[in-house]
Structures are given as C-alpha cells and as structure tokens.
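Modelling step: build the complete structure from the supplied sequences, incorporating the hints.
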Amino acid sequence: MPAISAAGIGSGLDVQSIVSQLMAIERIPLQRLQFKQSQLESQISAYGTLSSDLSAFQEAMDALGSKDALKVFTTNSTNEDVIGVTANSSANIGSFDVEVIRLAEYYKLSSDEKLNTDTFGGNAGDSISFQVGIDVADTITIDLSTAMTLSEIRTALNDDVSNPGVSATVINGDNGNQKIIFTADESGSDNAVTIAYGNTINATTLNLQTINNIAGDLSLLDAELSVDGYTVTRSTNTISDVITGITLTLKSEDVGNTQTISIDRDIESIEASVQGFADAYNALQTSLDTLRNGQLEADSSILSIERRILSILNTPATGGVYSVLSQVGLTLQKDGTMSLKNSDLQTALQTDFNGVSELFAADTDGYANRLSSFIGEWLDFDGLLETRTDGLESRIDTLVIRQESFERNLEAVESRLRARFSALDALVGQLQGTGQFLTQQLASLPGSGR
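Residue 0 is where the sequence shown starts when you use numbering that gives the first Met the number 0, and the numbers rise one by one after that.
Hints in this document: simulated from the structure, not taken from any laboratory. Treat the hints with care, as some may be off.
Calculated lysine-lysine pairs in the DSSO-like style (CA-CA distance at most 30 Å, straight line) [said to hold, decoys possible]:
| hint | residue 1 | residue 2 |
| --- | --- | --- |
| 1 | Lys35 | Lys107 |
| 2 | Lys340 | Lys66 |
| 3 | Lys107 | Lys250 |
| 4 | Lys250 | Lys178 |
Label-pair restraints from in silico Cβ distances [what the hints assert, rightly or not]:
| hint | residue 1 | residue 2 | range |
| --- | --- | --- | --- |
| 5 | Val160 | Val241 | 26 to 36 Å |
| 6 | Ala55 | Asn91 | 25 to 35 Å |
| 7 | Gly275 | Val160 | 42 to 52 Å |
| 8 | Ser404 | Gln15 | 52 to 62 Å |
| 9 | Val254 | Asn198 | 38 to 48 Å |
| 10 | Ser325 | Asn91 | 23 to 33 Å |
| 11 | Asp343 | Ser218 | 48 to 58 Å |
| 12 | Ser268 | Ser126 | 53 to 63 Å |
| 13 | Gly255 | Thr73 | 44 to 54 Å |
| 14 | Val254 | Asn91 | 26 to 36 Å |
| 15 | Gly335 | Thr248 | 40 to 50 Å |
| 16 | Glu40 | Arg291 | 14 to 24 Å |
| 17 | Asp80 | Ile170 | 22 to 32 Å |
| 18 | Gly375 | Ser128 | 56 to 66 Å |
Where a beta carbon is used, it is the ideal one built from N, C-alpha and C, also for glycine.
Below, the structure is given as structure tokens:
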C-alpha cells in the first residue's frame with residue numbers, strides 16, 4: 000500500500016483529499032465491473048430458483064405420467080377384526096366373500112423345565128442341529144462339546160450369522176427354573192423346524208415338544224381361507240397372490256362366517272392427482288411471472304418456457320378417447336391459471352377410465368409425459384439451464400480477473416498521484432517560504448518605509 004502523507008506539511012495543500020477524489024474517479028470503471036458481476040451472480044441465482052421450480056413441476060408431471068398414477072382404489076372389509084384388505088394398481092373393481100378358516104402359525108418347540116444352572120453337553124461331538132424347512136442347506140448346528148446352559152444355547156443360536164431362520168427364547172419361571180422355546184422366524188409348514196442330535200445329546204436331553212396344536216400334521220401350520228367358495232392355503236397370514244392386486248391380512252379365525260371385501264375406484268384421490276396437475280402448472284406460472292418481473296426481466300428464457308408449455312397444452316393427444324384436457328375438466332382461465340371442473344372429470348372417468356389415464360400417461364402423447372420431457376431439456380445434464388449457467392460463470396471468472404488487474408493498476412496510480420501532489424505540496428511550501436523571505440528582505444531595505 001502507498002504511504003499516507005500528512006496534508007499541508009509543505010504548503011497546507013490537502014493531498015489526502017485530492018488523491019481520494021481523483022481515485023474515486025479512477026475507480027468508476029472498476030465499480031462498473033463489480034456491478035456487472037453482481038448482475039451476473041443475481042442471474043445465476045435466478046436460474047437456480049428457476050431450476051428448482053422446474054424440478055418441482057417435472058416431479059408433478061412424472062407422478063401423473065405413470066400409467067398407474069390414477070389406478071388407485073378404496074377397499075373395505077365387513078369385519079376388519081377378521082380380515083383386512085388393501086389394493087395396488089393391478090387390482091380391479093369388485094367384491095369377494097372370504098371365510099378365514101385357520102390362521103398361519105409359527106412352528107414352536109419347547110423344552111421341559113430345567114434349572115438355570117443346568118448344563119448340557121460337555122463331550123466331544125455333542126451337538127444339536129436345527130433344520131428349517133426341507134432344504135438340508137438351511138441347517139445350523141450348535142456345538143455342545145463345551146457344556147452350555149439354556150441361556151448360552153439361546154445366545155449361540157441367535158447370534159450365529161448363518162442362522163437359517165430359527166430363534167430361541169428363554170422363559171424364566173419360579174425357583175430358578177427355565178424353559179427354552181425355539182420358534183421359526185417365518186410362519187407355515189414350509190418353515191417347520193427339524194431337530195437332530197449329536198453324540199450323547201438326544202431327544203431326552205431337552206425333551207423338546209411341539210407347542211402348536213397340530214398333532215403332527217404340519218399342514219395345520221398354514222393359513223386356510225375360502226374365497227367365493229374356493230379354498231386355498233398359504234404359509235403366511237399376509238396373502239397377496241390369491242386375488243390379483245389385492246393383499247389380504249388374516250387377523251382372526253371365523254369358521255362358518257364369510258366377510259365381504261370390496262374394491263372401488265378412489266375418486267377423491269384421482270381428483271386430487273388431476274388437481275395436482277393444475278396446481279403444479281399454476282405454481283410454475285406464478286414463479287415465472289416473479290422471475291420475469293425481477294431478476295430475469297431481460298432474459299428470454301421465461302418467454303421461451305411459457306410459449307413451449309402453452310404449445311404442448313394446445314396440441315391434442317392422438318389415439319385415445321380423449322384428446323384435450325378440457326374433456327376431463329381442465330381448462331385455462333382468462334387470468335392464465337388452470338382450473339379443474341370435478342363434475343367433468345367424474346363424467347370422463349365413468350365413461351372411459353383408461354382414456355383419462357392415457358390422456359396424461361401415454362408414452363409419447365400423454366400431456367404429463369410431454370411436459371416432463373420438455374422440462375428435461377432444461378434440467379438435464381448439459382441441458383439449457385446448465386449451459387446458460389456455465390456461460391455466466393465463465394463471464395464472471397473473466398470479470399474477476401479484470402478486476403484483480405484493475406486493482407493492481409489502481410494501487411500504482413494512487414502511489415503516483417500521492418507522490419506528485421506531495422512533491423507539489425513541498426514545492427509550493429518552498430516557494431511560499433522564499434516569497435516570505437524576499438518580502439522580509441525588501442521591507443528591511445533603507446527607505447522602504449517612505
């Protein structure tokens with residue numbers, strides 16, 4: 000930094016003020032560069048806002064652009080305590096009479112009562128093995144060559160990462176007595192557990208007995224139900240492969256009684272989804288208006304986006320029952336917003352549900368998919384927004400380099416100005432001193448007072 004000289008050392012000339020005023024003029028080009036950088040940074044920020052708003056719009060379009068978006072259903076069971084029901088997009092409207100005959104169970108084995116200090120095994124080769132289901136590969140063996148208590152057997156089984164699907168629990172009774180319960184991790188006959196013993200360990204060691212009331216018939220571990228008179232069995236109480244698109248949850252046996260389950264279109268959810276299309280469009284228009292009247296006032300991007308969206312909305316779909324949005328209740332108002340007339344949508348749904356879905360979700364012609372594809376041109380990697388943002392950032396980099404160079408030049412200019420005006424101050428001071436000396440000398444000459 001240049002040295003700061005005190006004003007008026009020589010003549011009283013205010014060097015600091017003069018230099019400051021001249022430097023303020025010199026800095027005007029730099030300030031213009033800084034202002035331009037600020038404008039570009041503001042534009043980049045606005046592009047970030049635009050990107051976020053376009054992303055939100057695209058997400059809304061993608062949600063409606065799925066062919067399953069409008070395939071939503073309400074379900075009902077006449078007794079939710081006996082059977083619950085849900086439906087996915089593969090379901091169809093209908094009703095079924097279901098009887099829950101038997102719930103699926105988890106296979107369980109219990110030991111007889113032992114003391115908590117009792118140990119089992121202790122001889123080389125002593126072991127107990129658990130096989131889950133019919134595949135011998137799904138077997139785990141607990142090595143009892145070192146004697147274990149029931150609690151230690153439980154820990155060894157539960158902590159083994161190769162456990163194929165059986166868990167142990169110790170039940171603590173009175174007076175230090177215990178039982179160990181072995182339970183399959185999944186229900187049904189396919190997951191029944193078979194026990195095998197090694198060396199001195201045998202069936203009488205723990206005296207394991209089946210808790211389930213199945214009298215040796217493993218099929219009784221499976222759920223049994225009747226659907227419209229057709230009896231089926233499954234290994235679980237959550238059943239999704241009996242009626243297409245329907246998941247049944249069996250909760251309680253109710254032999255001899257049927258419960259009616261029904262599946263209907265969820266009109267409210269469908270209306271909300273279509274309303275979401277209008278809401279997303281309106282939200283984007285509001286954002287575009289704000290940017291056009293603010294940070295992107297002179298930018299052509301906003302107009303380009305608006306024109307393209309309107310072009311898509313005004314281009315009919317082909318190949319379906321419905322070709323324009325107004326046929327399903329969506330119309331553009333005079334103020335530029337989009338609104339939904341629910342009664343028109345309901346009529347369209349009743350007339351041809353699939354036609355409504357196709358209007359939005361057809362692969363090439365669907366409105367939602369066409370709009371999402373267009374927005375992708377702006378948002379994708381190397382898309383229009385990224386290209387424009389990269390261009391602005393490059394211009395900012397150039398401006399920063401120019402400013403740094405200008406700053407260095409200004410330091411040199413300030414040093415020169417300060418040196419010149421300091422020298423001028425000193426010179427004027429000398430001249431003033433000489434003038435005062437001459438005045439004094441002349442005043443002292445003989446006759447100077449005459």
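How the hints compare with the structure:
At most 30 Å may separate the alpha-carbon atoms for a hinted pair to count; Lys35 and Lys107 exceed this at roughly 77 Å. A hinted pair counts as satisfied when its Cα atoms are at most 30 Å apart, and Lys340 with Lys66 qualifies at roughly 22 Å. Between Lys107 and Lys250 the alpha-carbon distance is near 20 Å, which keeps this suggested pair within the 30 Å criterion. A distance of roughly 29 Å separates the Cα atoms of Lys250 and Lys178; the hinted pair therefore holds under the 30 Å criterion.
Taking 26 to 36 Å as the suggested C-beta distance range, the pair Val160 and Val241 conforms, at roughly 35 Å. The hinted window of 25 to 35 Å between Ala55 and Asn91 holds, with their beta carbons roughly 33 Å apart. Judged by the Cβ atoms, the range 42 to 52 Å given for Gly275 and Val160 holds: they are separated by roughly 46 Å. The hinted range of 52 to 62 Å is not satisfied by Ser404 and Gln15, whose Cβ atoms lie roughly 26 Å apart.
For the hinted restraint 38 to 48 Å between Val254 and Asn198, the CB-CB distance of approximately 46 Å keeps it satisfied. Distance hint check for Ser325 and Asn91: the Cβ-Cβ separation is about 29 Å, which falls inside the suggested range of 23 to 33 Å. Checked against the hint of 48 to 58 Å, the pair Asp343 and Ser218 passes, with Cβ atoms roughly 55 Å apart. Distance hint for Ser268 and Ser126: a CB-CB separation of about 57 Å, consistent with the stated range 53 to 63 Å.
At roughly 28 Å, the beta-carbon separation of Gly255 and Thr73 lies outside the given 44 to 54 Å, and the hint is violated. Between Val254 and Asn91, the C-beta spacing of about 28 Å keeps the proposed range 26 to 36 Å intact. A C-beta distance of roughly 48 Å is found between Gly335 and Thr248, which places it inside the suggested range of 40 to 50 Å. The given range of 14 to 24 Å is respected by Glu40 and Arg291, whose C-beta atoms sit roughly 19 Å from each other.
For Asp80 and Ile170, the hinted distance range of 22 to 32 Å is satisfied, since their beta carbons lie about 29 Å from each other. Taking the beta carbon of each, Gly375 and Ser128 are about 58 Å apart, inside 56 to 66 Å as hinted.
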